[in-house]
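Chemist: One letter stands for each residue in the lines below.
There are 4 protein chains.
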Amino acid sequence: MNNQNGLKIVTIGGGSSYTPELIEGFIKRYDSLPIRELWLVDVPEGEEKLNIVGALAKRMVKEAGVPMDVHLTLNRQEALKDADFVTTQFRVGLLDARAKDERIPLKHGVIGQETNGPGGLFKGLRTIPVILDIVKDMERLCPDAWLINFTNPAGMVTEAIYRHSNWKKVVGLCNVPVGMRMGVAKALDVSPERVHVDFAGLNHMVFGMDMYLDGQNVTDTVIEKITSGDSSMTMRNIVDLGWEPEFIKALNMLPCPYHRYYYKTDEMLAQEMKDSEEKGTRAEVVQQLENELFELYKDENLNEKPEQLEKRGGAYYSDAACSLIDSIYNDRGDIQPVNTLNQGAIGSLPDDSAVEINCIITKSGPKPIAIGDLPVAVRGLVQQIKSFERVSAEAAVTGDYHKALLAMTINPLVPSDTLAKTILDEMLEAHKKDLPQFN
Amino acid sequence: MNNQNGLKIVTIGGGSSYTPELIEGFIKRYDSLPIRELWLVDVPEGEEKLNIVGALAKRMVKEAGVPMDVHLTLNRQEALKDADFVTTQFRVGLLDARAKDERIPLKHGVIGQETNGPGGLFKGLRTIPVILDIVKDMERLCPDAWLINFTNPAGMVTEAIYRHSNWKKVVGLCNVPVGMRMGVAKALDVSPERVHVDFAGLNHMVFGMDMYLDGQNVTDTVIEKITSGDSSMTMRNIVDLGWEPEFIKALNMLPCPYHRYYYKTDEMLAQEMKDSEEKGTRAEVVQQLENELFELYKDENLNEKPEQLEKRGGAYYSDAACSLIDSIYNDRGDIQPVNTLNQGAIGSLPDDSAVEINCIITKSGPKPIAIGDLPVAVRGLVQQIKSFERVSAEAAVTGDYHKALLAMTINPLVPSDTLAKTILDEMLEAHKKDLPQFN
Amino acid sequence: MNNQNGLKIVTIGGGSSYTPELIEGFIKRYDSLPIRELWLVDVPEGEEKLNIVGALAKRMVKEAGVPMDVHLTLNRQEALKDADFVTTQFRVGLLDARAKDERIPLKHGVIGQETNGPGGLFKGLRTIPVILDIVKDMERLCPDAWLINFTNPAGMVTEAIYRHSNWKKVVGLCNVPVGMRMGVAKALDVSPERVHVDFAGLNHMVFGMDMYLDGQNVTDTVIEKITSGDSSMTMRNIVDLGWEPEFIKALNMLPCPYHRYYYKTDEMLAQEMKDSEEKGTRAEVVQQLENELFELYKDENLNEKPEQLEKRGGAYYSDAACSLIDSIYNDRGDIQPVNTLNQGAIGSLPDDSAVEINCIITKSGPKPIAIGDLPVAVRGLVQQIKSFERVSAEAAVTGDYHKALLAMTINPLVPSDTLAKTILDEMLEAHKKDLPQFN
Amino acid sequence: MNNQNGLKIVTIGGGSSYTPELIEGFIKRYDSLPIRELWLVDVPEGEEKLNIVGALAKRMVKEAGVPMDVHLTLNRQEALKDADFVTTQFRVGLLDARAKDERIPLKHGVIGQETNGPGGLFKGLRTIPVILDIVKDMERLCPDAWLINFTNPAGMVTEAIYRHSNWKKVVGLCNVPVGMRMGVAKALDVSPERVHVDFAGLNHMVFGMDMYLDGQNVTDTVIEKITSGDSSMTMRNIVDLGWEPEFIKALNMLPCPYHRYYYKTDEMLAQEMKDSEEKGTRAEVVQQLENELFELYKDENLNEKPEQLEKRGGAYYSDAACSLIDSIYNDRGDIQPVNTLNQGAIGSLPDDSAVEINCIITKSGPKPIAIGDLPVAVRGLVQQIKSFERVSAEAAVTGDYHKALLAMTINPLVPSDTLAKTILDEMLEAHKKDLPQFN
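Protein chains in written order, with UniProt numbering: chain A, 1 to 439; chain U, 1 to 439; chain V, 1 to 439; chain S, 1 to 439.
Just so you know, not all the hints are guaranteed correct.
[Said to hold, decoys possible] Below, simulated DSS-like cross-link-like pairs (lysine-lysine); rule was C-alpha separation at most 27 Å, straight line: (1) U:81 to A:225; (2) S:169 to U:249; (3) U:169 to S:249; (4) U:363 to U:403.
[Unchecked claim] Per the computed footprint, the stretches of chain S lying under chain V, defined by three or more beta-carbons under 8 Å from a beta-carbon of chain V, are: (5) 80-90; (6) 261-274; (7) 409-423.
Hints are computed from structural coordinates only; laboratory data are not their basis. Glycine included, each C-beta is placed from N, C-alpha and C at the ideal position.
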């Protein structure tokens, strides 16, 4: 670590509404994770939100009585200098862009979602050039730091860093596995600490392969429980559609909530259509929530994370992040599911691709636990999504129209090459200002 | 070879309307491929057709003046004894079953087709137990023979033999690559002999990776020609839907006609819906054609293959089969695209799976030419179909309901687990008599 | 576990002189590892030693005051019934056989050693049929038990179980990694608990890839220290030959002591020659030590492990075994280097081969941590030894003379096919009574 | 091709004594391979030999009456401009360097040979930087040309081009497979055209896996014949040592003559020792032969290849080269064993490494025929040699002392790290002038 007297952590996209969760997490762990400097960085368009959330962060720290300096800045380079950890949670184009990612495909009868399908492709196209820029800064300013990326689509972004930069110290993080583990605990009616799940797959395409209670394999019991009706494995920001119980029995694993986009495409599309008409797309709902949250954050008497934040959907994110940073810093050797380089851990995915898998977390970073391979039945879809991620990352880096069209067409949620072109052209136009590489 | 005085060839499903093509092919090649005995085998339900087509075969042979004995039998074991080559072109459940494979999914808004989607699964479920039975007979009765399988879904059937029997001397054959090569020749306006195509993929999921004219790589020229409008790469039994030119440019390879089920799902479904209403499903159209053909075949003055057979859709099949048998028998060492064991030839598919790929054809069978790997963009879909084929084959062998449901749900043409179950249950009931393993 | 009231552990080869170490280990861990029954099993030839060491074991347990029942038996089946853990440490043909493994090759100018070269092959040929028999008993008598195998050559034996039986619950155990870690701690002058080593390779062919102190990568420091002279990484039962420092720097990893048979063949051979003349081969030295130990063990006043046992060479063995059993039983999730199924953890070794690698130890057994691949420079030798192990295991199972000759000739310590045949023939004759499969 | 009016071929190391063979080959094939310009290139030290052999070449062409212009030059760039094929057969340091490669290891009791062991390493260290320079020239001057490399160690050199340049149009060529095929034909007493051998492995480490007569697999017959005594599979420049028949039976494949360095190390070393004392090392014998040959070449009346050249040892080289060039130029699609990119053709070798394997030869170059994998028994040695080649190539490119030491020590013919260092240091000094990268 660079700083003898404590850690320097930089959060890019610091003006996010999630930031209070992160602050709370850091405060709680202060004893084992002595952060001296926390830099919240944002872009000029986000300055107002940065100031609001930054002020709350300072009040929270002060209230907690920990000697952590919170800095707010629009100057990324200044912030990165000698950082120990950099977390990224930014959103290029803000929620407006997300709304387009949702609305445009939907208009053409295709699922519009932030991390899957056309929306996932476009979020990647906007995000990847920025993250590669950050990584270039890091090479120069904080070459020993770890990059902890939350920015979606986290799998594609992590893949892009591995393949299109020289930076290896990156971990992609997602709250989906934590939620699944919580769900298993709930299904078993036990505390989550007693539950272990063998996670493997890709980001938003991860499976709980085997499940354990106090080390005993209870996969059959869990499958039985969740197919017999009452328990729901869903996450707040995914509509609650029930799985076909016989399919889950046939799978004999726990799919993640996002798998429903692929195994329940029709139902998910119908629900999205309905929701978008009745209450707006997810981006529009979130925008409303965010407005309310920022109103709350402005309250100078508020010096803790407000309860309402939980509705926002990113539950466990900060917990996952703080746990990861803590385990790296303290060389804990515990097991956490993260996005890291495959290195053979999942047989039928490339060794040099990003995968989401259980890892031992050490001071040298995550080391994946080899699972051999995913069951034959799910292998193909996972490989297809990895193909999509790789072609998307190439399109993002090169700004090549044909690569973008290829990515769009091979995505399993897009049912036609002609439609793919229509949606691509419309979205390229709509996101023009955030896609300089395509101009 | 077993027979010093010429070859013994057995055709299972000999009562097929295709048989005259095969006979014609054997007659044409008699000099290099001296067949003394040709056994046409069929099941009791097919006896009438066997007798009609068998009589025509005998007239054709007589007219040609070649000393080839044509035998008709319902006794498979008798036929197989000491055979040199066994070709299989049977259809369990006849065209009635195919009509159900097409109608039932379509009723639920899902593509109904003989080799893809729910139809492909069910054709596999009906066919695989029978082919494994044949293979068991062959182990005992003609252990040195080659099995040349035309029966669809040829990829799944070949996979099933590799994985669920000890028989290795099997080649899966399809006319799609021949048709694609013809298409390239037509696009270039040259004779097909001057054209070479690097084929790789799976059955009905094969790509023309690079294309050559007199050995010179002309891929760019061909792509340019086929995307500039007039040329069509389609096969007769697939509706003529135009590809999105920009997608083909992005792909920079030649997809096969069946790829449209995946890359143009919406259009293919709409067309199928329309056709099924206006002129019946493909099985129904074919049934009509077959009836007409068999009327023709009955004509005792007919002693050659009637022209009308070409409309049937299996163009080049017999040519592909005769060429393959000829090249094996004569150790020709020429290149033919067939379904064989991968053995590393395509990087991201299992070594021990069936693939459709260019092979050197020798007396020891086909030896695949390694291509390294398919482009990243198409790899995932191919892997997904291979997953589907493997799970389907397991379902066929075990009669396990959950495996069948798994196969149905993971098929990319089936958009929902719930719908998958509905279709599965309905089709299991409809095909009950041909699926003893599920009872 | 089968036994609600505590564990049943079976030690096959219970009459070994090592047994008191194991007993001591179990006693120390009694609180977390409540063993109710410990069954020491041996063959009729070992009965006397079994009785001696068994009596000592009982005295040790009594002195410790733990409620562990020690049973002595020649009836393996009786012992295995409902066991929770089975440890194997037997030696087919006893030390006499080992002496032949050492003397015969040496006579022909080839290294004679228990686990490498011709000696390793023959120990495998004698041991593998016995272990496969034990495994068959276990399938029937204690299907839920774990087999913890210490019997050398542990890598080849574990490989044989994976490839030639249906038993998967086996872990191969070796004290070499523990010794290497101790050596690193000594080189750094710190306590071993603070040291972590990334172990990967095969049994007796394992590398310490990266080394850590309190989680910090100190590989360079360790390499510097051990090449600058004074520290020795050797184990007691391998002669202390210094590595060429520049080679270790070039390697930039820690080889294991047994690597010297391959990278210092000349020196090892010369030393063996000298030792065998001056003080006898290792088996002969060990025989003498064992005689002395059993004299001590007979002393009815002895009720603890005598100090002299440490000279025997198997330091840390019992510790490794007890730690492993404890971690499985208690689902500890700690990291231990063991021999387990590769499953992709080491890239250039087969997924379905045994490797020696760091694993997370859970109630479901060891889960290997993927390392990607070994450095190119060492990969080839490791692959060659794996080839040797696999061919040897096949020879052991089939009793095929040609497979045995193949194994002997491809071993890198055997410098000629002709010499291989000479040594093979002589050793087959010498070990005749213990190799029924070759008769 | 660049030249409408015929081909331009460049031979680097044109002053070699082999050149008349190549000229003869080109003359014989003139009809199908219309070479208009043949450029013989050499370095200043080789000018005299270039002039002698060049004059002979011109006389041979004149005598044959073919319109082929032979150019002699020391200006490589001038020669390479717009070439269609470039063949390389140069020897950095001439035979003097080879003599050192042989003498120095031998002095230390280690095999001294041009392509294996320390000699192979040093020939690689001297050659690779030069070939990479040639390739850089080709990128600029004749980007469409094929590089046909004969320069030994051909496997390592081809590997180095694949891994350390961007040039992909390279084929490594060796006469060993041709000789093996001839040997099989001789053993069967048939003409070589009727024999086919499935070659796979690495250069000078290639196996004849299956052997065919008129397409029929006759492997067992050949193995039987060559182990029953009289037939010898040896090549002229390898001492004639008989294999152990039982080992060849166990292998059930045809090893290449160079395999004896590994499977008969003791005998080969003893023979080398004896020969070097009695008649000089191979380089010294060859030097004498070359002197005699060049005396012959000077004879202005000589206008054909003199018979004495056959003793030189490179039989079939020119034939292999001319056949290869002819098949590429004419897109023949025949099968030839060459060194090319693996691309999965041999399972347990890296996809991106050079292997020696049967390929279809087309205008687009060689396409390897997938064999699945080498038998387990030989896999390890082949992998070890590939490791050695890769580390050697890295040492050659970087001039890194430790990498060179690593390569030397891991070579299976070098029995000790200490000895490796001794030999390395002595050879680095001896070859100093030809190893600028190490200075």
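Chemist: Does each hint hold? Answer for all of them.
Modeler: Going down the list of hints, with the structure as the test:
1. U:81 to A:225: 55 Å, violated
2. S:169 to U:249: It holds: about 26 Å lies between the C-alpha atoms, which stays within 27 Å.
3. U:169 to S:249: 26 Å, holds
4. U:363 to U:403: 38 Å, violated
5. 80-90: With 0 residues in contact (Cβ-Cβ under 8 Å with chain V), the coverage given for the segment 80-90 of chain S is violated.
6. 261-274: Holds: 5 residues of the segment 261-274 of chain S have a Cβ under 8 Å from chain V.
7. 409-423: holds (count 10)
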